[in-house]
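If you want the building blocks of each chain, they are given just below.
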Amino acid sequence: DQQVKQNSPSLSVQEGRISILNCDYTNSMFDYFLWYKKYPAEGPTFLISISSIKDKNEDGRFTVFLNKSAKHLSLHIVPSQPGDSAVYFCAAYSNDYKLSFGAGTTVTVRA
Amino acid sequence: EADIYQTPRYLVIGTGKKITLECSQTMGHDKMYWYQQDPGMELHLIHYSYGVNSTEKGDLSSESTVSRIRTEHFPLTLESARPSHTSQYLCASSEMGGASYEQYFGPGTRLTVT
Numbered sequence: 028d029q030q031v032k033q034n035s036p037s038l039s040v041q042e043g044r045i046s047i048l049n050c051d052y053t054n055s056m057f058d059y060f061l062w063y064k065k066y067p068a069e070g071p072t073f074l075i076s077i078s079s080i081k082d083k084n085e086d087g088r089f090t091v092f093l094n095k096s097a098k099h100l101s102l103h104i105v106p107s108q109p110g111d112s113a114v115y116f117c118a119a120y121s122n123d124y125k126l127s128f129g130a131g132t133t134v135t136v137r138a
Numbered sequence: 349e350a351d352i353y354q355t356p357r358y359l360v361i362g363t364g365k366k367i368t369l370e371c372s373q374t375m376g377h378d379k380m381y382w383y384q385q386d387p388g389m390e391l392h393l394i395h396y397s398y399g400v401n402s403t404e405k406g407d408l409s410s411e412s413t414v415s416r417i418r419t420e421h422f423p424l425t426l427e428s429a430r431p432s433h434t435s436q437y438l439c440a441s442s443e444m445g446g447a448s449y450e451q452y453f454g455p456g457t458r459l460t461v462t
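Chains as they are written, first to last, in the numbering used here: chain A, 28 to 138; chain B, 349 to 462.
Don't read these hints as lab results, they were simulated from the structure. Positions of the beta carbon are idealized from the N, C-alpha and C atoms, including for glycine. Treat the hints loosely; a few may be bogus.
Listed next, the stretches of chain A that the computed footprint assigns to chain B, with coverage defined by at least 3 CB atoms under 8 Å from CB atoms of chain B [said to hold, decoys possible]:
| no. | stretch |
| --- | --- |
| 1 | 29 to 42 |
| 2 | 61 to 70 |
| 3 | 129 to 136 |
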């Protein structure tokens, strides 16, 4: 049973506009959330994270929002740039040192 | 910058062959992981290790085996490759404890079994 879900497999956005990626989870024991970015033929690289005790974390153009009551988090990228075109994975962590991943959202930034 | 390496990057092999995918990290991390990932799908954990001589099966059943004789090395072996093993295999590592939950990934091995 998939505990982390990214229901939008793809997203197309114009350069300079905002990209919003969504992620839902079912396990209330998750206490830390991460976003990874992945280019084809490469491994995922860490982008940004948020603890369950916070509702927002910002790092440059990337902001992650967490709504614990809705078991929902989102990643905002603003402004979107061509180099942001990649697959973005949402991941959640519980206390067993393991991450559960969503299926990813492919972002395409149009010039 | 994370230092975790995987070889080979790409492998095409015939059915029935034995293969070993190599993974090494130079960060001294105790925890290491193997994931399997297909396009459009989530990363599935197939093996993990909390340290030397520790190995566990992950959430996804796999016919592969792993070993952890040295902290920096976590190879994955398929005794008899089959077309169903065609996938991307990703190795990762992380620190034990601490405030960081981040896993560092290698570049992956794209395996094709014909």
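Check each numbered hint against the structure and report the violated ones by number, ascending.
Of the numbered hints, all hold.
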